[in-house]
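*Asks:* Using the sequences and the hints given, assemble the complete structure.
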Amino acid sequence: MSPGARGHHLRVAWVEWSMSLLGLALLVVAFAAALSVASVGLPSGVRARTSGALTCLIGLAGVAAGASALLGDSLSVAAPGLLPLSSAVLSVDPLAGFFMFVVGGVAIAAGVYSVGYAHPDEDAHDGATLPTGVSSRTVHAALPLFAAAMVMVPAAGNVTTFLVLWEVMALLSLLLVLAEHRARPEVGGAGVWYAAMTHAGLVAILLGLVALATAAGTESFAGMREAGPGLPSGVRTVVFLLVFAGFGSKAGLVPLHVWLPRAHPEAPSYVSALMSAAMVNLGLYGVLRVGFDLLGGGPRWWWVLVLAVGALSALYGVLQASVATDLKRLLAYSTTENLGLIFVGVGAAGMFAADGDSTLAGLLMAAALLHTANHAAFKTVLFLGAGSVLRSTGLRDLDKMGGLARRMPVTTALFGVGALAASGLPPGNGFVSEWLLLQGLIHSLSGEVEPDVVVAIAMPLAVGAVALTAGLGVVTFVKAFGIGFLARPRSPEAMAASEAPGTLRAGMVLAAVGCAVLAVAPLLLVRSLDRVLLTMSPIGQESPVHGAVMLELSGISGSMSPVLIAVSLAGGAALLALVVGRLGRRQPRRTALVWGCGGTRLSPRMEYTATSYAEPLTRVFDDVLRPEHDVDITHHVESRYLVESVRFRQRVPDRVEARLYPPLVAGVNWWASVARRLQNGSTHRYLAYGLIGLLLVLIVLGVTS
Amino acid sequence: MSTALYTQLLYLVCGGLLLTSVLTLWRRELSALIRLLTAQGVLLAALAALLGTQDGGLELFAVAFGVLLLKAGVLPVVLRRVLVDSGAARETQPLVNVPSSLLAAALLTLLAYAVSRPLVDLDPTPTTHAVPVGIAMVLLGFFVLVTRRRALSQVIGFLLLDNGIAATAFLVTAGVPVIVELAVSMDLLLVVLVLQVLTARLRAAFGDTDIDELRELRD
Amino acid sequence: MRGILRKIQKVGRVAEPALPVDLSGRQGDEMFGGSIQVRHVDAGSCNGCEVEITSAFGPVYDLERYGVRLVASPRHADVLLVTGPVTRNMVDPLRKAYEAMPAPKRVVALGDCARNCGVFAGGYGVHGAVGDVVPVDVEIPGCPPEPEAIISALRGLSGR
Amino acid sequence: MSGPALWSVVGVVIQVLLVVLGAPLLVALMRQVRARLEGRAGAGLGQPWRDLRKQLRKEPIAPDGSTVVFTAAPVVALSSALLIVAAIPLITTTSPLDDVADLYAVVSLLLVGSVAMALAGIDTGSAFGGMGSSRTITVAALAEPTLLVAGFALSVRVGSSNLGSLVEHAQRAPSVVLSPATLLAAAALWIVVVAEAGRLPVDNPATHLELTMIHEATTLEYAGRDLALVELGSAIRLTILLGLWGNLFLPWGVATTVTPGALALGVLVMVVKVAVLGAALGASEVFMAKWRLFRVPELLAGSFLFGVLAVSSSFFLA
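Protein chains in written order, with the working numbering: chain F, 1 to 705; chain P, 1001 to 1219; chain Z, 2001 to 2160; chain C, 3001 to 3318.
Worth flagging that the hints you see were computed from the coordinates, not collected in a lab. A few of these clues could be false.
Stated by the list, open to error - Distance condition first, Cα-Cα at most 20 Å in a straight line; then the derived SDA-like pairs of lysine to any residue: (1) LYS3290/C / VAL2071/Z; (2) LYS2010/Z / ALA3062/C; (3) LYS2096/Z / VAL3286/C.
Stated by the list, open to error - Cβ pair distances, simulated, as ranges: (4) VAL238/F / TRP3252/C: 53 to 61 Å; (5) GLY45/F / SER1100/P: 58 to 66 Å; (6) MET495/F / ARG2088/Z: 28 to 36 Å.
Glycine included, C-beta positions come from ideal geometry on N, C-alpha and C.
*Replies:* Shown next, in the form of structure tokens:
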């Protein structure tokens, strides 16, 4: 096309964009991203602030865009010729808006947090072990770009745009994961795993979407939406399976979760937060977009599969998390767990949608989306909190932590808020979405007609799985918070901990406020999900949840009021405290040494550690976890009967990884070696390949014609 | 009696059968297992009698009496004697540990429900609705046979299996002819006696009744 | 199960009727109000006293009926019941146990050894009587004291 | 304030007072039953109240190095228990807090109490505290599936997981109570009640051996009024569990309308039910020994099996 025409198009696009708040917000994102590239030149201190500020700005823009899309504003523009071979198409609907909203929210907190992370703040005398590498130019430039890419991915309106944005997001996240590779060698390994998994996923997504596009005859999502439901079921199934595998690996579902527990611990904590609270959700977005929107739902067995994978991921994730001793590894596994719960909701919603029960489908989908938002909120708090601990003590190993509550009170309180939410207990926000999910599952069978066999068998097992997940989740976070922050420090590093500087606290507070709002007023979000559900054609039309302060399920009897629980709990506790305090004026509280059965030398080494805390579970689930113990006993020099010291070490390796991946890797290696044999650098051989190829082509032509 | 009452009693009896079957997987003491089996025999007889009240004929009552005599009377006595001879008081270690086999039992029951669904749909009456119980008993019996080591608990698994077959037969066809039921039970008695001899021999040969020892007979 | 039932039927109630005891000369502990939790410390006893304590809490004397209970943690305890002469290694633990108890608290020295080292007086491993380590409120003489003595002393404290 | 609303508030107040005053008596009753079966005389029904009165007068102690969590835990545990008492149908199904009385909400609130005590156990910094905390929370976590699946079985027929409507439905259709599904659910939930209340064979509330403790080990450091709160809290917890079990499976007598007469009857029936169940539980403990900790999962797996059987038999046996 002629330059003039392109200019014209761009001008039209410009006009369309700048009309709505939505468009404006997207423009802001674009410009902020551009600025961040430009900001590479600045000196380090300023650069950190700019990068943080830009990330924050992008987050705000994302929230604004998402909110306006959730409120019904929509946008669809094409910038032809911006990308090779096709035009960049952006179209934002409520579904996209929801994810932009969530991602943006996370980006705000992470942006604020990132400012002080690599730098000692001026006022405080914090002798923190400052992480090296995160203050490099690349990282500072990559952070806002990563946030921008994540905000834009849901806005993509056709396959090419989507894939380009997706790949940009993947590469930038890889860059950020590798930020500290100079400081710690293991970062490199994590990066390799992450790169391999994310690109394997990309290939699957690519194949799936291309297959869909070719079958539908168009690459624009709008066109696919038209054609999708009509396609032959074989194609639809292949597309769905490919796409589910690809997006599932990004969402960290078992067995494609292996990159999470490796990449998250090694990445800088605010990057972990961005990846674990925001990026994984885009995997969910992909499944929803393709499965419910473009393909317009599918046969029930798809969703039974999704449900099964979700339940498996939830159980395996929480089991690994409950025995993990590395705090960030624990949080990574808990991400697998929560995404698993979300996919349980999605799968069940799909099942009921396939059966035409739109009430339950809507309820379960709403539960899944609400849990997505909740997970984003509390996982941000938790990762940022873990980051503050890591920054101030250099510790990730729970066995060495403890006693942080006195040394980092703010961080402890905020981490506590996150942990409460993550363990799904009232009055946390995780409780609300888990309640909705269980309501959906529990009401699935209570009809007059006898339930269908598959449902009748799947639902009790699903309820059992969700319940066990919830229970073990409680263990996990009691361990993480109790062992990590309470009691007395178990190591000199923990002893020397000091409170995190201002911007870090600010970042955590922002995320914690998000948790609190979602906890007491979930309806603010739930009500606006109605439009999102409408964009997924097979899901119900009417709003699944209504009510003002009380969640009332429509279509089925069920109501619960998180506000009431929160208020009455707080009120009751305050009242009791008052009464007891009045009683207590006669007898002030005294502090005394811990009672150790008269033992004379009690040391913090005698406290329970994370390992010993999880020991009962490790035994109960021995057959699944297969922990590796090694005990070495040093005998006394004089006599073998006197033991000088006993040393016990336990590792709980990821069995899925150990069983599944070595054969894969071996296969890939074999293939590589074959490929190597093909080329030995001799020019003649390459020419010979060329000749053979030419001859083959000629022969084929000769035969066919 | 009224249909409502009949249904209620029927379902209670079936629930009892299911319960006794899964408890067989839980308990380790062989004497407790025998007691469970006796209870199951009584329940089975009750089931037959209940069905008898519906179709009116005396035949089913006769069957009920036979079942009671054999499964709640003779077999337990014989089994106790085997127990006394073999001297093994407990199922030492089953091949699958107890919690896992309990979870397996849950899955087996759900499976039984799934597979018996078409059967039920043929003519959905209260009686046929309970068919899954019979099938679940069969599956559980098989499971016991597979996972238990002691010869005696093998016998018990076998009897559970047979009870399951009988229950299914009752529920599907509202009763099998007396003669068939008696013949089957007689075979059973025979089997038990044979196994008693076998266990005695086993103990004589290996000083133990762990049937894995039989592998040694191969060479 | 059936066996136990039969035994219960056969044995019936073995607790003897409550002993008459005069609570007039008691150490005036209104505040315990008929409930004391006892933490027992063996500071080096020959276990004669332990036997008597056991029988005092056993079904026949049933000390629990007067609101006296043995507890595991000194934090829950009102009364520290010490037996035996305090051996060197038990000095520190005994003191710790006393400090670990919430006020108001009482110490009972049970048996002659606890009161004045008894036959162990001057033993090389003996540090001294209980009184030398922690303040003693009530002393129960006897080697070993009879359950009746123990009961009346503790009832004096609990006031029941 | 209109008549019914006023009366429903009165009903809740009565309910809370009844439980708070009665819970220690329940504990006393169980001890007394046990003592009598052992041939003892027993300390009498008033004893727990005497203990509480005395502990309230005594000096509280916080272990060195502990945080506010340690002192706040008993308050949180007790208040969550009280919230449950105010919400669930014990003497009347017409609580104004009825919307909290959803099965899953109540289960989670119970869990809040255990979590508070578990954190306190860790916070003491003693090895016993950590041990007890780890065991308590593990048992609670493994009991969770049973609770929800059995509740699922009950709610399938009613079409709601609200405890009030469960009880009312059971009252309307008494025949349901004798259906296999309900009986299996009852068995499953009884096991869970025993586990959650920390009774034999899961936990021995009367033990003095720290290494065998589950729940007691988290309370070893408490003294004075803190201890009083802890013991009152666990007594109320026990009452809740027994009362709820009683009302779900023997629903008769619970007031569904708020007339003075109905409330009075509700109170009477509640007292009888809880007393009988408590006596049964206490008596049963004479016949059992505590199980090894690692046989407890077997028990809970069994209860989960009962739960699943209850759900599935509610399809084909009802």
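*Asks:* If a hint holds in the structure, say so; if it doesn't, say that too.
*Replies:* Outcome of the hint check:
With a CA separation close to 19 Å, the supplied pair LYS3290/C and VAL2071/Z stays within the 20 Å bound. Distance check on the hinted pair: LYS2010/Z and ALA3062/C sit about 48 Å apart at the alpha-carbon level, beyond 20 Å; violated. For the given pair, LYS2096/Z sits about 36 Å from VAL3286/C by alpha-carbon distance, which is inconsistent with the 20 Å threshold. For the hinted restraint 53 to 61 Å between VAL238/F and TRP3252/C, the CB-CB distance of approximately 59 Å keeps it satisfied.
Taking the beta carbon of each, GLY45/F and SER1100/P are about 59 Å apart, inside 58 to 66 Å as hinted. Look at MET495/F against ARG2088/Z: about 34 Å separates their beta carbons, and that is inside 28 to 36 Å.
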